[in-house]
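Undergrad: These are the residues of each chain, in order.
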Amino acid sequence: MARYHVSATVNGDDVEFLCEPEQTLLDVLRDELHLTGTKEGCASGDCGACSVMIDGRLVCSCLVMGAEVGDREIETIEGMADGEQLHPLQQKFLDYAALQCGYCTPGILIAAKALLERNPDPTETEARFWLAGNLCRCTGYDKIMRAVMDTAAEMRGE
Amino acid sequence: MASDRVNWNGSDVITMRYEAPETMEAAVELLSSDEGARVLAGGTDLLVQLRAEMIEPSLVVDVKRIAAMREITKENDGIRVGAAVAGAELGEHEEFKATWPGVLEAFELIGSTQIQGRATMGGNLCNASPAADSVPAMIAAGATATILGPGGQRDVPVEDIAIGPGQTSLDKGELVTSFFFPKPAARTGDAYLRFIPRTEMDIAVVGAGICLTLDDSDICKAARVSLGAVAARALVVDEAADALIGTPVDEAALAKLAEAASAAAKPIDDKRGTKEFRIQVMGVMARRTAEIALARAKAN
Ligand SMILES: Cc1cc2nc3c(=O)[nH]c(=O)nc-3n(C[C@H](O)[C@H](O)[C@H](O)COP(=O)(O)OP(=O)(O)OC[C@H]3O[C@@H](n4cnc5c(N)ncnc54)[C@H](O)[C@@H]3O)c2cc1C
Ligand code: FES
Ligand code: FES
Chain Z
3 MARYHVSATV NGDDVEFLCE PEQTLLDVLR DELHLTGTKE GCASGDCGAC
53 SVMIDGRLVC SCLVMGAEVG DREIETIEGM ADGEQLHPLQ QKFLDYAALQ
103 CGYCTPGILI AAKALLERNP DPTETEARFW LAGNLCRCTG YDKIMRAVMD
153 TAAEMRGE
Chain R
504 MASDRVNWNG SDVITMRYEA PETMEAAVEL LSSDEGARVL AGGTDLLVQL
554 RAEMIEPSLV VDVKRIAAMR EITKENDGIR VGAAVAGAEL GEHEEFKATW
604 PGVLEAFELI GSTQIQGRAT MGGNLCNASP AADSVPAMIA AGATATILGP
654 GGQRDVPVED IAIGPGQTSL DKGELVTSFF FPKPAARTGD AYLRFIPRTE
704 MDIAVVGAGI CLTLDDSDIC KAARVSLGAV AARALVVDEA ADALIGTPVD
754 EAALAKLAEA ASAAAKPIDD KRGTKEFRIQ VMGVMARRTA EIALARAKAN
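Protein chains in written order, with the working numbering: chain Z, 3 to 160; chain R, 504 to 803.
Okay, chain R solo, but in the shape it has when bound:
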């Protein structure tokens, strides 16, 4: 290896192979063939981690040349989004935008315009940051991840993929190929809000994804609430959803929702927020998110 080149760390000790297969099967084969293999999607986490020497993969498998992983397709009972679709691409899909504004607004919160040109939901989920913005919104929407691996294909609810900071439930050689968003019932609305101290370019201190469905008399008949950045992984909080179901999502229900969201929050203290602050703000954000989801459900 020539050492007159500029490497991640200015040294020439790392030897890393790059492959860009054109089929999912070839990607799985490559991933299974090398203990130190990593998937590369948009690279907005991976390249930062490479440079920081947090990871030293021996093989990088770029999945962006796999056409099926970059497609957004309509199926009878929902929309399928390839795991390697970038934020900027999803934002141009009118039907997705109209159907899942909450998922899209969460995904579009990730980074700058430049980051949006590359970042994918597959990467956001599999990087497994507890503060990943698109994850609570996907969970609230009831999305499932389709996974391909040496043992074949399986579908898993999004909430079962990230299991802790930087840890996923994927087996060796497995790859998330797409996300499936089931067609929402009539009068469904979703929303995502996060709290950050700035207006752009920051990591969620808390995040809330909520999806709810109203009946003909404006009573909430179904709800899903997912909270981000307040535990080791995004939480699904049934108590918070139960606070909304059977109510007109009025003041009393919202107060209960906020209480349940705060009670479920088990955050850490860090430079972006103390534990106490996060617990309190979690309730406030859950309530505001529900108000937006409610307005969208009424308009649908």
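Only chain Z is shown next, with the shape it has when bound in the complex:
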């Protein structure tokens, strides 16, 4: 059975990989490209741990076939910091201790970044609905929400 040769960009870099049709984008990121920041929680679209951006849209990489992403632009957690400089959301998650085990954190950061790019001034309700597809078993969400809302305020210059 032929494997598929796919060219795409990941975090701005051109990448090429071979994948089988059974591999998801999540499998490709982790096993072929060794970008293990993106996590697998449920593999069924429920938990959001595998969140990435494809062509500017937030998606679950566990529900995307690897073979599908030819010529697409993919953004993962590995592209979030600028070298040593953390993204404001990453810094606030540390400041607020908005993570415990950290398994959900890459997905939540990617999803929260997508929110703030579209809506720099969300209400807490809007932010909670936007992040409803990102589950966290540890924090109880309160610190996550405070970190997101405070980052939004900081990025607006308040």
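Just so you know, these hints were derived from the structure itself, not from any lab. Nothing here was measured: the structure is a model prediction, and the numbers come from that model. Heads up, the beta-carbon is just placed ideally off N, CA and C, and yes, glycines get one too. Careful: at least some of the hints might be erroneous.
[As the list claims (entries may be wrong)] Derived list of chain R stretches under chain Z, where covered just means 3 residues or more per stretch with a C-beta under 8 Å from a C-beta of chain Z:
hint : segment
1    : 536 to 548
2    : 563 to 570
3    : 774 to 781
Once you've looked at the hints, dock chain R with the ligands against the given chain Z.
TA: Leaving out everything else, chain R with the ligands in the frame of chain Z:
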């Protein structure tokens, strides 16, 4: 096939081909060429079913590279929405949002932000879950599906596509290419509500899509009522629509509507709701949906 890869089930027994044609005709040809072919739109049902080994297609035909299936176009007498348009894309279309808020609110109830980035109405309809949220709303809106297949093109009312859980009336090689939403008459409003035990991320226990039109003196002159999750497929309930037509959609009419909706409900018992509960809640949701559609019709 290399077996050092991570597959759906950790094994290497499945051999599946992936194709991403750029025209609808090429998609139809591929679908007709292989008994085990499946359409892939957003994949939010298909990939879950693959992983669960509920399906084992030999060919997956990705329709997202077909430009015409991703377009939203205005036609003289309505709006056409490509079957592979994702929820997040439709939500950014101001005219659709203003014209069919009920259809959009139903579509946007599907899953999370992440799921909305991928899920399509074509997939929601053709997956043929009795609880599919966008389907009763499309039916109430009077939408038709345009289908292309080896025998050519045909237009079919949305209510005639899903025929039972996981079953559609599509023939071998056929594909839903777009949905057509006819331009609504003046003073028309539509709405969709579902009951779920949570506030987000759940499957409808019951769902109601209603579209109604008022005359100049606020009397309902046309209505369509479709109920979801209370039968093997979304129902079109003429008795429920008749309860509204000719009335000012007042308390008496709403009570009749609720009664007709409950009477039409033939639900199953499952972990999300008992039969009795679903029948009762169906009436309540139909009434609330009609109230929202009424307010929208008055504002139009
Ligand atoms: C976490 C999660 C939450 C969800 N929540 C909801 C919810 O609240 N409400 C709800 O209704 N659904 C829900 N779903 C189910 C699913 O997201 C929807 O049914 C969605 O609309 C499917 O669209 P898709 O484009 O992803 O379909 P796909 O998975 O690509 O396809 C689904 C089926 O339809 C067929 N198909 C797709 N497009 C066509 C076409 N154009 N012509 C012919 N056949 C076609 C495919 O072959 C497949 O059998 C949820 C799913 C997940 C993973
Ligand atoms: S791993 Fe993709 S949503 Fe859970
Ligand atoms: S920090 Fe452990 S799951 Fe969120």
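Undergrad: Does each hint fit the structure? Answer for all of them.
TA: A quick look at each hint next to the structure:
{"no.": "1", "hint": "536 to 548", "verdict": "holds (count 4)"}
{"no.": "2", "hint": "563 to 570", "verdict": "holds (count 3)"}
{"no.": "3", "hint": "774 to 781", "verdict": "violated (count 0)"}
Checked against the numbered hints above, the structure violates only hint 3.
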